[in-house]
Amino acid sequence: MGIPIKFMIKIVQKEFYSFVKRESKNAISRKIIKTVMSAKKLKKILAEHLKPTDSIEVHTSLSAFGYIPGGEQSVVKVLKEVVNQGNIIMAAQTADIGDPIDWEDPPATPEAEKEIIENMPAYDKEITPIHYIGKTPEYFRTSKDVKRSDHPLYSMCAWGKRCR
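Here the sequence shown is numbered in my numbering, starting from 1 and rising by one per residue.
These aren't lab readings, by the way, just hints derived from the structure by calculation.
Cross-link-like lysine-lysine pairs, in silico, PhoX-like; alpha carbons within 20 angstroms at most: (1) Lys80 - Lys40; (2) Lys144 - Lys80; (3) Lys80 - Lys44; (4) Lys161 - Lys147; (5) Lys77 - Lys161; (6) Lys77 - Lys135; (7) Lys161 - Lys144; (8) Lys80 - Lys161; (9) Lys125 - Lys147; (10) Lys43 - Lys80; (11) Lys161 - Lys51; (12) Lys147 - Lys77.
If you anchor each label on the Cβ, the simulated ranges turn out as follows: (13) Val36 - Asn119: 41 to 47 angstroms; (14) Asp99 - Lys51: 40 to 46 angstroms; (15) Arg30 - Tyr132: 25 to 31 angstroms; (16) Lys43 - Ile116: 40 to 46 angstroms; (17) His59 - Ile97: 18 to 24 angstroms; (18) Arg164 - Ala122: 19 to 25 angstroms; (19) Gln73 - Asp124: 22 to 28 angstroms; (20) Val36 - Thr109: 43 to 49 angstroms; (21) Ala39 - Glu126: 25 to 31 angstroms; (22) Arg30 - Trp103: 32 to 38 angstroms.
For every residue, glycine included, the Cβ atom is placed at its ideal position computed from N, Cα and C.
Kindly generate the complete structure, drawing on both the sequences and the hints.
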């Protein structure tokens with residue numbers, strides 16, 4: 001089945017990751033881009049460890065790669081090119097539409113819970129956005145030929161030959 005994508009991300013980080021250097025000038029901090037992970041570099045690394053027919057589950061941290069020109073768009077495009085005969089799945093969680101009585105970070109007062117429940121939009125797998133798990137899964141969800149499961153809180157998105 002191939003190498004798990006979490007392992008792949010560790011390979012990418014080991015080969016190309018460097019910490020963002022911060023320089024302070026007059027108490028203002030700015031980031032200096034030291035590492036660039038181009039789509040070409042990412043594709044080369046992934047293609048060395050994945051087969052076109054592999055099925056992979058992807059969890060990403062874009063900042064762990066250094067700077068990626070095109071960000072999540074580049075990552076999704078490369079993944080689809082590398083496993084072009086396989087399958088990709090990503091979490092598509094929407095825990096923010098859950099019952100606010102269970103919320104801990106931040107918690108809601110009883111009055112706020114009532115108002116949240118009364119005004120919470122219903123889950124619609126076609127349009128409900130993904131929250132709190134990064135830009136890549138949301139971009140993936142909205143990309144061509146991606147299907148989303150029906151679960152209102154813990155759905156998954158899939159693309160590929162066996163996607164239905």
